Amino acid sequence: MSDKPENNAYWAANIRIVTWCLVIWAIVPFGFGILLQPVMPGFAFWVAQQGSILVFLAIIFFYAWRMNALDREHGVDEQ
Numbered sequence: 001m002s003d004k005p006e007n008n009a010y011w012a013a014n015i016r017i018v019t020w021c022l023v024i025w026a027i028v029p030f031g032f033g034i035l036l037q038p039v040m041p042g043f044a045f046w047v048a049q050q051g052s053i054l055v056f057l058a059i060i061f062f063y064a065w066r067m068n069a070l071d072r073e074h075g076v077d078e079q
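Taking full-length UniProt numbering, I'd label the letters of the sequence shown as residues 1 to 79.
Hints are computed from structural coordinates only; laboratory data are not their basis.
Given the structure is predicted, the values throughout are model-derived calculations rather than measurements.
Keep in mind that a hint or two might mislead.
[Claimed, not checked] Here are the in silico distance ranges between beta carbons for each label pair: (1) I17 <-> I53: 18 to 24 Å; (2) E6 <-> L57: 27 to 33 Å; (3) I53 <-> P5: 37 to 43 Å; (4) R72 <-> V18: 27 to 33 Å; (5) T19 <-> E73: 15 to 21 Å.
All residues carry an ideal CB built from backbone N, CA and C; glycine is no exception.
Assemble the whole structure, with the sequences as input and the hints as a guide.
Listed below in structure tokens is the structure:
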């Protein structure tokens, strides 16, 4: 890997996307599952179980879409 500024910008953007995806994925099952427990116990359990899987699938599609756009912006796309 070279130390070109455009490579550094690409990887910084990549790490930023991955970090936000992981933060969202952690907040949904743990944060909502714990915070919603006193208010809506059944819904909190659902979010912690099935909701986290749905959020994970949404994150996968978002990540693929955003990385394709990032690849095009930095000229490293597959086409």
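Hints, verified against the model:
One distance hint, 18 to 24 Å for the beta-carbon pair I17 and I53, holds here, with the actual separation near 21 Å. The hinted window of 27 to 33 Å between E6 and L57 holds, with their beta carbons roughly 32 Å apart. Between I53 and P5 the CB atoms are about 39 Å apart, so this pair conforms to the stated range of 37 to 43 Å. Hint check: R72 to V18, Cβ distance near 18 Å, so the stated range 27 to 33 Å is violated.
A hinted range of 15 to 21 Å for the beta carbons of T19 and E73 is consistent with their spacing of about 18 Å.
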